[in-house]
Amino acid sequence: MPDESVKVAVRVRPFNQREKDRQAKLIIKMQGQMTTIKNPETPNEEPKSFSFDYSYWSHDGFQEKSDGILEPAGGSNYASQRRVFEDLGQGVLDNAFEGYNCSLFAYGQTGSGKSFSMVGYGNNKGIVPITCDEMFKAMGRNSDSNKRFEVTFSMLEIYNEQVRDLLSKDNPKGGLNVRQNPKLGLFYVENLKRVPVGSYAEIEKRTEQGTASRTVASTNMNATSSRAHTVVTITFDQIIKNDSGSETKKSSVMNLVDLAGSERADSTGATGDRLKEGANINKSLSALGNVISALADLSMGTKKKIMVPYRDSVLTKLLQNALGGNSKTIMIAALSPADINYDETLSTLRYADRAKKIKNKAVVNENPLDKLIRELKEENEKLKKAMESGGVVMQEGTGLSPEELEKMRKQMEEDIRAQLMANQAMLADNDQSWDDKLAEARTETEKIEGGADDKRKTKEPHLINLNEDPMLSGVICHFLNGGETSIGRKDASPTPNICLSGLSIQKQHAVIYSTKGVIEIESVSGSGSKTKINGLPLTGRKALCHKDRILFGSNHMYVLMNPMKPETADTSLPKEITWEYAQKEIAQVKGFATGSAGLSKEQQIVQEQVLEILPMVSEVNAVSEELNKQKSFEVVLISAAAQEGGDVTQSQASKVTVKMKNLLNGNTWLWERGKFITRRYLIQELYQKFLDGEDISNIPKEQDPFWEPTEDVLVGTSNLFLQSLSYCLDFEDTLNISDYKGQEEGHLKVKLEPCDAKGKPIDEEAFVDDPRDLLNKPYHFKLTIETANIHKSRFSKGILVKYTVKNNGKAEEVKTPTVKNTLTPTFNFSKIVTIPKLKQENLDFFESGCITLSVYGIQEDTMPDAKLLKLNTRELRQMENMENSQAHASGRRATMFGNEIASDTSHLKTEVVLLQRKYERLQQKERRMQQVCEEWSNKPDGEKQFEPFFRVVSAVANSTGTRLKTRVQMLNQMLKLQKNVALPSYKDKSSPMLHLQKEAPGMQRQKTMDPSMLSKVLQGQKFVKQMALEKSDGKHIGDGDTISLFVFDENEHELAQEASLNDGIVDYHKVAKHHYPDLQQTKAKTDPVIEEKDGSQGDQDSFGSVDLAPYMNAGPEDSLNRTKRFSQNGKRTAFLSEINTKREVIKPARNAISEYSANKKAAPSNGKRPSSAEHNKTESSACVIQ
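At position 549 of the sequence shown (counting the first as 1) the number is 549 in the working numbering, and the numbers step up by one without a gap.
I should point out that these hints are in silico values taken from the structure, not numbers from a laboratory.
Just so we're clear, the structure is a prediction, and the values are computed from it rather than from any experiment.
Errors might be hidden in some of the hints.
What the hints assert, rightly or not - Pairwise CB distance ranges (calculated):
1) 701 with 495: 32 to 42 angstroms
2) 493 with 443: 27 to 37 angstroms
3) 701 with 64: 52 to 62 angstroms
4) 516 with 26: 46 to 56 angstroms
5) 142 with 564: 41 to 51 angstroms
6) 598 with 836: 58 to 68 angstroms
7) 692 with 807: 53 to 63 angstroms
8) 527 with 628: 47 to 57 angstroms
The C-beta atom is built at its ideal place from N, Cα and C for all residues, glycine as well.
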C-alpha cells in the first residue's frame, strides 16, 4: 500500500465559565479546512493561518435537545460529536474491519477539550464510546456463518514514566515493564490484562472500572491526572473459515490515546533548577514531539540519516507502530478559544501542523491461523535454544566497556525470556475456546460495582468524590449507613468502613454519624487528623448539611449528598459543586481573594495560579511532615514593585512564588512557580518510593528535592524614581527597603545625579524646563549606592545590592560589593549609565519609571538550636505558626501596601524638587510683570495706551523665558589675586579690552580689566565656555559665581539672536531690568551652607546673590578699592557677611513649598544641584571677559 499521511483535525471548544467571568476574547477563526489564530497583544498583526484535514468549529452555534445532546442550531457550522465520529471514528472503524491497525490520539493543553472529543460527557458520547458501540452493531449485522469476531479490551495509564494496568487491582512497584519483541522490534507491555468483551455494555463497564482505578490512584498517590496519558487498546480479530475448512485471522489493533496536558515546559518558568533534568514531568510529550519532528523530516526528505528516538519514553515506545509504522493514524488537536491561552494554543497548532507531514505504511494484517500458531511454536524453539546455550553472546570491539556489554546481555536475556513466556501464554490461550474466555470475563465484569447504585443515591445519604479532572469527579461513592461510619486507613484495627490512603490520612481519622437523615462528623480524638469542612478546620463534632464539602487529609475531597434533607443546603451554592469551587473556598479561608470582578487580565492569571498552587503547597507540607524534612512551604505573591527589575508603572502582574523555609536555622528560598511544580513532582516520586517500602533516608542530598544549597536571600526592594533626570536635577534620598509583604526591612541611601561621560557632575545651570530639549543628545547619569541600614540581625553575614539598568542600549545587571558582618553597610558604589542618544522612550521612562534596587542578604548553613533538633517537622511548623499568628493578625493588612506607599513618598520628593525649580522661574516672571506694570504706571497719561500695554503684558505672560548667564568676574579676579593663582591668557591676545600687567609679587601673568567694560559680561547659555585654573597640586578651583537670568519680554527673541550673533554677548543694560538680586538672595538664604576647603563657608549659589549694578557702574577707583579690600581680607567671609545683610525674606509662596517639603517627614533630600564647592571645589563655567 502506498504511503499515507497522518490525518490531522483541530477542534475549538466553547468558553468555559472561568473564561466567561473574565470576559475572554475569541482568538480562533475557522473556514473550511483553514484555522487562523490572532495574537491578542498585536491586534493589527496578520493572523497566523494553518490548514488541516478537518477544522471543527464547536465554539458556539449549538442548541441542547431534551435529552442533553448538543446539535447545530439553524444555519450554524457547529461540529457535533456525531459529525466528528463520522469523519474520524467511522474511518477508524472501517479500517479495523479491513484489517488495518488504527491509532487515534488527542493532543492539547489541560482543559482544551481533549477528553470531550475522545470520551464525551453524559449523553454527548465521544469518539471512543461511539466507535465501540458502532463496532458491535456492525458485528451484530453479520450474517456470514463462516466469520466470527473476537474483541479484547485493555486500558493503561502512563504516569511518571510508569505503566499502570487500570483493569487490575495488583500493579507491581515501579509499574509494568515495557518489553521489545526481538523478532518484530515492536514494544509491548508485559503482563497487561486483556479482557475479552462481547458487547458495548461490557466495554462501558470496563471503562468505568478503569476510570475509577485512575481516580483512586490519583488521590492516593497525589498524582495529577492532567499529567497522565491514558491508552485504550481494542484488539479486533476476524476469523474467517474458507471452503477447505482452514481459518484465516484478520487482526486490527486500535489504539485510542488521550494524551496528558501539553503545557509547554518553559511556560511555567522552571528554568535553572538543578533537578529539572531529573523530573519526568512532560518527558513523554517532549519525546513525542521529537519523534514527530524526526518522522516529519524523514517524510519530507529534508534529512537522510535520522534516528527516530522511540526509546526516549514509554509513550513513544508504545506508539511506535502508530507513528511511522504499520498503522492508519488520526490526530485530533483540541484548541482553547480564549486570548489568555494564546501561547499554548499556537504551540498546539504548530505541533499538529508538524504531525500532518508524517507518512505511514499500513498493511492488512491477515494470515492463516495455523500459520500463526506454527510460527509461534518455531519462534519458541529458537528462543529456548538461545537460552539453553547460555543466552546471547555479545561481540567485543563494539566500543562498549565489559560492564556495559554484560548489562546489555542481561537485558536481552530478560527480553527473550519475557517473549518466550508471552508466546507460551498465547499458545495456551489458543487452546481455550473464545466462548470459555468470554464467559469467564463476563463473570468478572458482573462483579464490578457501580451502575446499580443510582437508585440508592436518590434515597440514601452518601459522599461523592471531587477531582480536578472533571472526568474523575463523581466516580467514587460511599454510602453512609445508619449509625456510625468510620473513616481511616486499611491497616487500622478494626478496619474502617471507608478506607482511604495517602497524605495525612490517619489510621483512625474521623467518624460520621447518621440518624434519620441528620448527619454529623467528628475527628477521632488524639489522632491528630486533618479534616476541613467548607474550607474550615474541623474542631469537635459538627452537623453536616446537604452539599457540604469535606476534605480528608490533603487530597480526599468529597461532597455530602443528603437526599433526605435537601433543604439544609446553603441557597447560595451553585447547582453543581466542582473541584474548582471547593478549592476557591479553601483559598478564601486562607485570605486570598477569588472574585474576578474588576481584575485585569494579568491579575486573573495570578488568581488562577494561586488557586492551582495552593493545594500543591498543602500537599508538599504534608509530605515534609510525614518524611520529617524540617521544611515548610507557603505561597508568596510578589508585587510588581517588589520584583527584581520590576517596573511599578507598567501593567506587570504580581508573581506567584513559593517560599521554602528551613525550620531549624531560618534560611529561606523563593522558588518560581515552575520550579516548585517540578520539585513537587519529584517530591511525589520520593513519597511513592517511601510508600513502596524503599529506604529513602540515605539518598544523597543532591538528589533530595527538599534540599537546596544556600543562596542569597532577597531582604527587600526599593524603588528609585527617575523624574529628576528629565530636568537634569540631582536627587538624593533615603529609601525604604520593603519585603514582598510591604513590611519595612531597613533603609537605603542613594544618590542620582546627571554627569558627563567621565562621571563628573554637571553644573546646576544644566537644569532644563522642557525635557524635550534633551532629545537626540547624549545623556549620562550616575547612580550611587551610599549606605544601608538593615533591621534583622540574621542578615548581618553580608549585604549587597543588585539592580538592572539599560547602559549603552543594553540591559546590564549591576551588583555592589558584599559588605560583611554589619547591619549598616557602607557601599559608596557608583555606576555611570550612558544613553548615546536620548529618545522619547527614555524620557517617558524618566518621567514615570523607576529602577528597582534589590537588597540581598548572605545565608549560611548554621548549626540549629539543640532544642529544635528534638522536635519533628509537625511540631516545628506548629511552633512557627504560633509565633506568626499574632503578627499576621495585626500587621498583615496594615502593611499590605507599604511598598506602594514608600514608592509614592519617594516619587513626591522628586516632584517637590521639580516644583521648587519651576517656582523660582515663575518668581522672576511675576517680578517682571510687576515691573512692567510699574513702568507703565509711571508714564505720562498721554502715553498710557491700552493696546501697547496689553501687548507687552501678553508677551511677558506668554513668554517661556530665555536664559542668559553672567559671572561677577571682578569678584573672581579678587579671589584669584588673593590665592596667588596664575591665570592663562585668552586666545585673542589682541583684544583691546584686555591687557596684562604685573601687580603682585610671584604672579607671572595677571589679568585686569576696564570696569566700564563690565557691561558686556552677560552671555547666552549655550555659548558659555569652560575656564579652569590649575594649581601646583594638579587640582582645580573654579569661578563658581554664575548668575542666571530669565528674560521674559516681547524682545526676548531679539536678545537671543543678538547673543547668537555676538558670540553670546549682550549688553547688560538691555537685560538689567530682568535681574532681581532679592530673589537670588532669598534663594541663597534658604539653601544649606557648606564648608569650603580653606575652612571658610560659602553658599551653594557661590555669590549668585550679588547685585551687579554697583559693579557695572563703578569707576576704576571704586573697583581698585574693592579689590584691595577683598585681597587684604584674605578670606571671603567678610564679603559674604556684606552680602547676607542685603538678603530679604523669602516670599510666602516659597515658604509654603518649603513647609510642604518639610512636612513630608521623608528622608532628607535638598533636590538642588550642589555647587562646585560641594562636589570638588573646581566645577565652574567661566565667562569670557572683554
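Verification of the hints:
no.: 1; hint: 701 with 495: 32 to 42 angstroms; in the structure: holds (39 angstroms)
no.: 2; hint: 493 with 443: 27 to 37 angstroms; in the structure: holds (33 angstroms)
no.: 3; hint: 701 with 64: 52 to 62 angstroms; in the structure: holds (57 angstroms)
no.: 4; hint: 516 with 26: 46 to 56 angstroms; in the structure: holds (52 angstroms)
no.: 5; hint: 142 with 564: 41 to 51 angstroms; in the structure: holds (50 angstroms)
no.: 6; hint: 598 with 836: 58 to 68 angstroms; in the structure: violated (43 angstroms)
no.: 7; hint: 692 with 807: 53 to 63 angstroms; in the structure: holds (55 angstroms)
no.: 8; hint: 527 with 628: 47 to 57 angstroms; in the structure: violated (18 angstroms)
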